[in-house]
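Now for the letters of each chain:
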Amino acid sequence: MDRIPILRMGEFLLVSIQVDMHDQLAMTLQDDLTSMIERTGARGVLIDISALEMVDSFIGRMIANISGMSRILDAHTVVVGMQPAVAITLVELGLSLPGVKMALNIEKGMAYLRAQRAAEEGDGPNDLRYSDDGGAGYGTRQE
Amino acid sequence: MTCAIRMMGGQVMALVKSEELPVRIEQDVVMARQAVRRLSVELKFSLVDQTKMVTAASELARNTVVYGGGGTMRCEVLIDGGKSGLRLTFEDQGPGIPDMSLAMKDGWTSGGGMGMGLSGAKRLVNDFEIVSEVGKGTRVTITRWK
Ligand SMILES: Nc1ncnc2c1ncn2[C@@H]1O[C@H](COP(=O)(O)OP(=O)(O)OP(=O)(O)O)[C@@H](O)[C@H]1O
Ligand SMILES: [Mg+2]
Numbered sequence: 001m002d003r004i005p006i007l008r009m010g011e012f013l014l015v016s017i018q019v020d021m022h023d024q025l026a027m028t029l030q031d032d033l034t035s036m037i038e039r040t041g042a043r044g045v046l047i048d049i050s051a052l053e054m055v056d057s058f059i060g061r062m063i064a065n066i067s068g069m070s071r072i073l074d075a076h077t078v079v080v081g082m083q084p085a086v087a088i089t090l091v092e093l094g095l096s097l098p099g100v101k102m103a104l105n106i107e108k109g110m111a112y113l114r115a116q117r118a119a120e121e122g123d124g125p126n127d128l129r130y131s132d133d134g135g136a137g138y139g140t141r142q143e
Numbered sequence: 001m002t003c004a005i006r007m008m009g010g011q012v013m014a015l016v017k018s019e020e021l022p023v024r025i026e027q028d029v030v031m032a033r034q035a036v037r038r039l040s041v042e043l044k045f046s047l048v049d050q051t052k053m054v055t056a057a058s059e060l061a062r063n064t065v066v067y068g069g070g071g072t073m074r075c076e077v078l079i080d081g082g083k084s085g086l087r088l089t090f091e092d093q094g095p096g097i098p099d100m101s102l103a104m105k106d107g108w109t110s111g112g113g114m115g116m117g118l119s120g121a122k123r124l125v126n127d128f129e130i131v132s133e134v135g136k137g138t139r140v141t142i143t144r145w146k
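Here the protein sequences come in this chain order: V and B. FYI, in this note's numbering the residues of the first sequence are 1 to 143. FYI, in this note's numbering the residues of the second sequence are 1 to 146.
Bound conformation, chain V alone (with noise of 0.2 Å):
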């Protein structure tokens, strides 16, 4: 297997990752995301990594890049599922993985990429900072 499947579901894109990735898939990964975020112009992404028994350096490298350019790309990323022992273990390794938005299930994740996109759509009809760039995540979100 040379290449983790990505799923479109409207406007998210759900990756779970099933195997030890090597480097190199995961890097593959992460080019294929991106140019699918584009590509798509999806808002957010959601991978499940509750099948991954390890995350290492590299691995927290390519969930954060994943996080920060989707952010570039004008969509959310959500990490899901990670196992008690494999967050253990990275916090003890020294990642903390700033920025990088984590949820306990597919379900919570689902919730907080919709969550996202509800306060882009804009606020109410009287809310006068109303901007239709389809709101970059400023003065308009609502949580």
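In case anyone wonders, no lab produced these hints; they're calculated from the structure. It should be emphasised that the depicted structure is a prediction, and the values quoted were computed from it without experimental measurement. We treat Cβ as the ideally placed atom computed from N, Cα and C, and that holds for glycine. It is possible that some hints are incorrect.
To be verified - Derived Cβ-Cβ restraints for the label pairs, each shown as a range:
id, chain 1, residue 1, chain 2, residue 2, range
1, V, 73, B, 109, 23 to 33 Å
2, B, 136, V, 39, 41 to 51 Å
3, B, 134, V, 102, 36 to 46 Å
4, V, 106, B, 18, 35 to 45 Å
5, B, 101, V, 31, 52 to 62 Å
6, B, 108, V, 40, 14 to 24 Å
7, B, 108, V, 99, 17 to 27 Å
8, B, 18, V, 35, 39 to 49 Å
9, B, 69, V, 40, 45 to 55 Å
10, B, 27, V, 102, 24 to 34 Å
11, V, 18, B, 136, 20 to 30 Å
12, B, 110, V, 38, 24 to 34 Å
13, B, 108, V, 32, 25 to 35 Å
14, B, 110, V, 24, 12 to 22 Å
Stated by the list, open to error - Just a few of them, taken from the derived set where beta-carbon distance is under 8 Å, the chain B residues facing chain V:
id, residue
15, 34
16, 52
17, 58
18, 99
19, 102
20, 106
21, 110
22, 117
23, 123
24, 126
Let chain V serve as the given structure and place chain B with the ligands on it in line with the hints.
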């Protein structure tokens, strides 16, 4: 099957099992992780300890490939008194590390990494030893006790 009995610091330490794997290409890093997982499970390490050892092995194996130009990983299952442990030795004949204190710093990398491999791996294990000589190579030994 006991392969050898070693004297360590005046104590008798039994080497129960020893395996050596090539660590030359990216795929070998995955193989190294899987070997360490299997041995950690055999030793009945807790899930967190398994994960720590596998993650440390992944960092060191990658360094062996990327910076050391390839090398080997030796896995040894040890019994020391009532304790059992897993010792991993990563060895290469690469360029060596000119400034060890710099290399061991959180966040320092000579390449495009995050500089967390060596310092992070050290935090994940009980014993960490690194020997490196410029022009000769690098050897990192880590041990985790149950
Ligand atoms: N086996 C080795 N041979 C030669 N140099 C090494 C070796 N292992 C590590 N180094 C040097 O030590 C530095 C720090 O290593 P470390 O693993 O901490 O970080 P990194 O590999 O640069 O980044 P990261 O592991 O976070 O992706 C490396 O950048 C490299 O210069
Ligand atoms: Mg490294």
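_Violations among the numbered hints, reported as their numbers in ascending order_ = 5, 6, 9, 11, 18, 19, 21 and 24
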